[in-house]
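Quick note on my numbering: the sequence shown kicks off at 1 and runs consecutively.
Worth double-checking, as some hints may not be accurate.
Stated by the list, open to error - DSBU-like mimics (lysine-lysine), calculated; alpha carbons at most 35 Å apart, straight line: (1) Lys87 to Lys103; (2) Lys94 to Lys105; (3) Lys105 to Lys116; (4) Lys71 to Lys94; (5) Lys9 to Lys87; (6) Lys9 to Lys71; (7) Lys58 to Lys94; (8) Lys17 to Lys71; (9) Lys71 to Lys12; (10) Lys17 to Lys58; (11) Lys12 to Lys87; (12) Lys87 to Lys58; (13) Lys87 to Lys17; (14) Lys87 to Lys105; (15) Lys58 to Lys12; (16) Lys71 to Lys87.
Said to hold, decoys possible - Estimated spans, in silico, between C-beta atoms of each pair: (17) Arg90 to Glu115: 49 to 59 Å; (18) Asp59 to Lys94: 21 to 31 Å; (19) Thr8 to Ile98: 27 to 37 Å; (20) Gly20 to Ala86: 26 to 36 Å; (21) Gln104 to Asn56: 26 to 36 Å; (22) Arg90 to Thr8: 27 to 37 Å; (23) Ile98 to Leu126: 13 to 23 Å; (24) Asp93 to Lys17: 36 to 46 Å.
If you're looking for bench data, these hints aren't it; they were derived computationally from the structure. Note that the Cβ used here is the ideal one computed from N, Cα and C, for glycine as well.
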Amino acid sequence: MANRREFTKQTKRDALKRSGLLCEAVGAMYGHPVGHRCNAPLSTGVQYDHIVLDANSKDNSLENCAAVCIKCHRWKTANHDTPMAAKTVRMQDKARGIRSTAKQKIRSQGFAVSEKAERLQSKPPLPPRALFKPVDERNA
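All chains, full assembly: derive it from the sequences and hints.
In structure tokens:
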């Protein structure tokens with residue numbers, strides 16, 4: 001699998017300028033309500049996110065670059081990008097006729113039951129025990 005391509009320095013500069021030094025993460029893809037922008041200050045850290053996965057788009061343009069805070073980027077990576085990349089690989093494998101080998105349990109006769117185990121199985125269960133002794137109210 002090819003490595004992810006990074007944005008150029010100029011693209012990063014332009015994205016940061018466009019953001020106004022505020023997080024550009026918008027909507028459910030970043031864990032926010034639809035249409036809601038994060039707007040967290042990027043002074044604590046900025047990361048440059050491929051809005052559409054690089055693996056899917058191969059697009060390193062400014063239009064596909066978002067200057068986002070670390071928290072939003074981490075959320076999108078865990079909840080959107082990683083599952084989406086896995087789905088893309090599954091779909092590519094299916095199109096190429098690659099199937100997974102299902103893990104099956106090893107079937108065997110099993111072990112013989114010992115005499116002790118047979119005796120334990122034939123014993124009746126013990127009656128339940130009281131967790132505490134009742135206090136005699138006359139002596140208390």
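Now the hints, each set against the structure:
no. : hint                        : in the structure
1   : Lys87 to Lys103             : holds (20 Å)
2   : Lys94 to Lys105             : holds (24 Å)
3   : Lys105 to Lys116            : holds (28 Å)
4   : Lys71 to Lys94              : holds (34 Å)
5   : Lys9 to Lys87               : holds (30 Å)
6   : Lys9 to Lys71               : holds (22 Å)
7   : Lys58 to Lys94              : holds (21 Å)
8   : Lys17 to Lys71              : holds (20 Å)
9   : Lys71 to Lys12              : holds (18 Å)
10  : Lys17 to Lys58              : holds (23 Å)
11  : Lys12 to Lys87              : holds (28 Å)
12  : Lys87 to Lys58              : holds (17 Å)
13  : Lys87 to Lys17              : holds (34 Å)
14  : Lys87 to Lys105             : holds (26 Å)
15  : Lys58 to Lys12              : holds (16 Å)
16  : Lys71 to Lys87              : holds (24 Å)
17  : Arg90 to Glu115: 49 to 59 Å : holds (51 Å)
18  : Asp59 to Lys94: 21 to 31 Å  : holds (24 Å)
19  : Thr8 to Ile98: 27 to 37 Å   : holds (35 Å)
20  : Gly20 to Ala86: 26 to 36 Å  : holds (34 Å)
21  : Gln104 to Asn56: 26 to 36 Å : holds (33 Å)
22  : Arg90 to Thr8: 27 to 37 Å   : holds (31 Å)
23  : Ile98 to Leu126: 13 to 23 Å : violated (56 Å)
24  : Asp93 to Lys17: 36 to 46 Å  : holds (41 Å)
Of the numbered hints listed earlier, the single one contradicted by the structure is hint 23.
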